[in-house]
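Student: Could you build all of it, start to finish, from the sequences and the hints given here?
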Amino acid sequence: MIIDILEHSLRERSPLIPVQALLNTCEGSRMPDVNAALLTPDIVRRVTEVCPTPALAARGEAGQLELRLSYGECIGCGRCIEVGQGALVRARTFPWTGVAKEQLVRRWDVGQKIEIAAIPASPDDGRKEIYAILGRALNIRQLDPGSCNGCEAEITALANPYYDLERFGIHFVASPKHADMLLATGPVTRNMAEAVKAAYHAMPAPKLVVAVGACGCSGGIFAGSYAIVGGVETMIPVDGYIPGCPPTPSMLVTGILEVLKRCVGKRR
Amino acid sequence: MTNGTTNKDRELHPGSPAPDFSVPQARSGGPARLVSLFGSLNLNGEVVVRYVFDAGDPEYHITERQADGPLASITPFVPAAAWYERELRDQYGVYLIGHPDPRPLLFHDNWPPGIHPMRALPEKIPWASRDYHFLEVQGQGVCEVPVGPVHAGIIEPGHFRFSVVGDTVLNLELRHFYTHKGTERLFEGQPADSAAVIAESISGDNCFAHAVAYCEAVEKACGVRVPPRAAAIRLIGLELERLVAHIGDVGFLGNDVGFVVAHTLASSIKECLLQASARAFGTRYLRGVACPGGARVNPGPGEIEELSRAVSESISKFTDLARITLETPSVQNRFDSAGVLKKEVARDLAVVGPVARASGIDLDVRRDHPYGHYRGLQFDVPLTHYGDVLARARIRIAEAVESARLIVETFGTLPVGGVAEPVPSRGPSQGYAAVESPRGELFYWVEIEDGRLRRCHVKSPSFQNWPAIPFAVADNMITDFPLINKSFNLSYSGSDR
Numbered sequence: 001m002i003i004d005i006l007e008h009s010l011r012e013r014s015p016l017i018p019v020q021a022l023l024n025t026c027e028g029s030r031m032p033d034v035n036a037a038l039l040t041p042d043i044v045r046r047v048t049e050v051c052p053t054p055a056l057a058a059r060g061e062a063g064q065l066e067l068r069l070s071y072g073e074c075i076g077c078g079r080c081i082e083v084g085q086g087a088l089v090r091a092r093t094f095p096w097t098g099v100a101k102e103q104l105v106r107r108w109d110v111g112q113k114i115e116i117a118a119i120p121a122s123p124d125d126g127r128k129e130i131y132a133i134l135g136r137a138l139n140i141r142q143l144d145p146g147s148c149n150g151c152e153a154e155i156t157a158l159a160n161p162y163y164d165l166e167r168f169g170i171h172f173v174a175s176p177k178h179a180d181m182l183l184a185t186g187p188v189t190r191n192m193a194e195a196v197k198a199a200y201h202a203m204p205a206p207k208l209v210v211a212v213g214a215c216g217c218s219g220g221i222f223a224g225s226y227a228i229v230g231g232v233e234t235m236i237p238v239d240g241y242i243p244g245c246p247p248t249p250s251m252l253v254t255g256i257l258e259v260l261k262r263c264v265g266k267r268r
Numbered sequence: 001m002t003n004g005t006t007n008k009d010r011e012l013h014p015g016s017p018a019p020d021f022s023v024p025q026a027r028s029g030g031p032a033r034l035v036s037l038f039g040s041l042n043l044n045g046e047v048v049v050r051y052v053f054d055a056g057d058p059e060y061h062i063t064e065r066q067a068d069g070p071l072a073s074i075t076p077f078v079p080a081a082a083w084y085e086r087e088l089r090d091q092y093g094v095y096l097i098g099h100p101d102p103r104p105l106l107f108h109d110n111w112p113p114g115i116h117p118m119r120a121l122p123e124k125i126p127w128a129s130r131d132y133h134f135l136e137v138q139g140q141g142v143c144e145v146p147v148g149p150v151h152a153g154i155i156e157p158g159h160f161r162f163s164v165v166g167d168t169v170l171n172l173e174l175r176h177f178y179t180h181k182g183t184e185r186l187f188e189g190q191p192a193d194s195a196a197v198i199a200e201s202i203s204g205d206n207c208f209a210h211a212v213a214y215c216e217a218v219e220k221a222c223g224v225r226v227p228p229r230a231a232a233i234r235l236i237g238l239e240l241e242r243l244v245a246h247i248g249d250v251g252f253l254g255n256d257v258g259f260v261v262a263h264t265l266a267s268s269i270k271e272c273l274l275q276a277s278a279r280a281f282g283t284r285y286l287r288g289v290a291c292p293g294g295a296r297v298n299p300g301p302g303e304i305e306e307l308s309r310a311v312s313e314s315i316s317k318f319t320d321l322a323r324i325t326l327e328t329p330s331v332q333n334r335f336d337s338a339g340v341l342k343k344e345v346a347r348d349l350a351v352v353g354p355v356a357r358a359s360g361i362d363l364d365v366r367r368d369h370p371y372g373h374y375r376g377l378q379f380d381v382p383l384t385h386y387g388d389v390l391a392r393a394r395i396r397i398a399e400a401v402e403s404a405r406l407i408v409e410t411f412g413t414l415p416v417g418g419v420a421e422p423v424p425s426r427g428p429s430q431g432y433a434a435v436e437s438p439r440g441e442l443f444y445w446v447e448i449e450d451g452r453l454r455r456c457h458v459k460s461p462s463f464q465n466w467p468a469i470p471f472a473v474a475d476n477m478i479t480d481f482p483l484i485n486k487s488f489n490l491s492y493s494g495s496d497r
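Chain order of the listed sequences is E and A.
The opening position of the first sequence corresponds to residue 1 in our numbering, with each subsequent residue numbered one higher.
The opening position of the second sequence corresponds to residue 1 in our numbering, with each subsequent residue numbered one higher.
Hints are supplied without guarantee of correctness; some may be wrong.
Stretch-level coverage of chain A by chain E, calculated; a stretch enters the list once three of its residues show a Cβ under 8 angstroms from a Cβ in chain E [to be verified]:
1. 59-68
2. 266-272
3. 285-298
Covered stretches of chain E (in silico footprint by chain A; criterion: 3 or more residues with CB under 8 angstroms from a CB of chain A, positions within the stretch not fixed) [stated by the list, open to error]:
4. 71-80
5. 148-157
6. 189-197
Partner residues are not named here, just some residues of chain A that face chain E (Cβ under 10 angstroms, in silico) [as the list claims (entries may be wrong)]:
7. L106
8. N110
9. P122
10. G148
11. T168
12. Y178
13. H180
14. K181
15. A262
16. H263
17. Q275
18. D320
19. L321
20. S491
Hints were generated in silico from the structure; no laboratory data involved.
Remember, predicted model here, so these are calculated numbers, not experimental data.
Glycine included, each C-beta is placed from N, C-alpha and C at the ideal position.
Tutor: Next up, the structure:
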């Protein structure tokens, strides 16, 4: 038996994805991007009509028309891409993960056909930061305040030999009491509200909290339901947001490293 | 246990109980299997309760009862109806006479009594504080071990209340619905042609089965025929989802008995399939692929070949891994005889899916109630009688092999043509569909008016199977609970909705 296993392990090549190939990629995430040169008022009207959440919205009158895309509310359904005539496309890279809330929102001037807000700097290899802050030991506790299990499936994948989160010194721990970071997926349901607060209070400082997925960022498709309190921020303070429905493992890795970068030396 | 009903409920529902209910007979003899039980409001705003049974015919048997007052509970003679009737009471405020457990199911202690959201929703639901009483097991040396809702792993929330003597479990009581998101109410008023996104968010790792079941129900209600190519793409998606789920489950079972190498290898095989799926369909978990009327994605020949090859390679690696796992003595020792679910219990609780097939109940929606591309298709439905963790692992391994064969075969004979038909808008219409998801029978009921949903009921296999877990866990060591629970691998969110 043990020989079989050894043979297996030796035969297999390591599938580990190098950090550089992982950061900012988003294949399979279905997140949209905007090709500003093709934006017209008509397309803006169509894409905002089909969006099932408030992720896409138009502001202002003709001439001053602005398109707003909030990744925290986007569930990646792709309907905007279907009707967008090339002005909305699938994102090829995705640096808007692990960012602050205001960085989740992008805006375009439809008349000028340009993006208004600046894109956040894309994170480089974040290993140095983790070593600097945490001495190669970031402990993460995953908390599900009401998720559909989609985000959990992708977070679980972070431990597989392709992503191997342990290479950065990041571990998943069994209790909030052992955790530096809370990775909270899903909308907070009314039935989980108390448990979410209790988990947060059980954490030691610095109590980093990351909201994961469209539901964690904003309530997603469940926003407004009678049984939902809202996104994670409605219950506890959030340091970074990882959008996606669900975010892919590479978006999760990029996001976790970005949160660490942004929260260097942060004290509560 | 306390009686959770209030006098106010009784006042709301005066009148006498409905006449006695008769359970349809199955073709094979004995009572038919309960598929689902749910309420909806008819066009006059009155509550109608539907009882769906599987009597062995291709179509399900649906009985309607008007609930203009309290109804006689069917749980005393159909135990599988217990949670459904509690949900019916929570959603619609229908009082059920003779139900053995009148505690609220969906709404926990911070909900005020008297909220029945499917009937009327107040502007704001005030925060409240209520008591909930677990069954108290008494006797010398009996200890209570409360576990959850927040668990130790990367998993969903739920509460387990064990009563143990030493390390032997005498009784396990579940308290779930922590992830209740009011999803059935969320469907109401949505355009039927675009609400598949809600169905996809019910159970994240079975999202394609949910999407297909939703779409098939809408298609039945609207009289749409799905193009053959789209039906074949749906079959490939459903089997790929099953393959990924079963491979992951077998790995996790190894992990729970300390055979970590199985978990690592299985997670690698699973990842390889998810990446192949992302290249072929643009999505790792097949979200956004199915839509009412067909499919939104039409893979080209190159993509088909690549995915087909990934499936063939994966299944060969997986059968190798499964053999090594099951031949390892320390694994056998833990899997064998752990968490036995007896056939009689499984039948009484109308258990479905791989769990039912591991306990000797020969049931598979794909074969018994064929839909889409499964019509006329030949495939094996594995069955064993032992009902333990080993049996459930063996069923999953055998099913994974069959799923891989179906995927490769269907890719080889993929029909040509379009993949989507328009969905016409109609007056009031209704339809149902059942799909064999990786966890078992998934049932959707939709009512549509002028292109919008009036009602969408979702029976997930997990809702049906959760009540069976305490029976499989009793008399086992408490330390075997994670293993037994994993061998059922039920979805919390799918059940809680």
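Student: Does each hint fit the structure? Answer for all of them.
Tutor: Hint-by-hint comparison with the structure:
{"no.": "1", "hint": "59-68", "result": "violated (count 0)"}
{"no.": "2", "hint": "266-272", "result": "holds (count 5)"}
{"no.": "3", "hint": "285-298", "result": "holds (count 4)"}
{"no.": "4", "hint": "71-80", "result": "holds (count 5)"}
{"no.": "5", "hint": "148-157", "result": "holds (count 10)"}
{"no.": "6", "hint": "189-197", "result": "holds (count 7)"}
{"no.": "7", "hint": "L106", "result": "holds, 8 angstroms"}
{"no.": "8", "hint": "N110", "result": "holds, 6 angstroms"}
{"no.": "9", "hint": "P122", "result": "holds, 9 angstroms"}
{"no.": "10", "hint": "G148", "result": "holds, 9 angstroms"}
{"no.": "11", "hint": "T168", "result": "violated, 24 angstroms"}
{"no.": "12", "hint": "Y178", "result": "holds, 5 angstroms"}
{"no.": "13", "hint": "H180", "result": "holds, 5 angstroms"}
{"no.": "14", "hint": "K181", "result": "holds, 5 angstroms"}
{"no.": "15", "hint": "A262", "result": "holds, 9 angstroms"}
{"no.": "16", "hint": "H263", "result": "holds, 9 angstroms"}
{"no.": "17", "hint": "Q275", "result": "holds, 7 angstroms"}
{"no.": "18", "hint": "D320", "result": "holds, 7 angstroms"}
{"no.": "19", "hint": "L321", "result": "holds, 8 angstroms"}
{"no.": "20", "hint": "S491", "result": "holds, 6 angstroms"}
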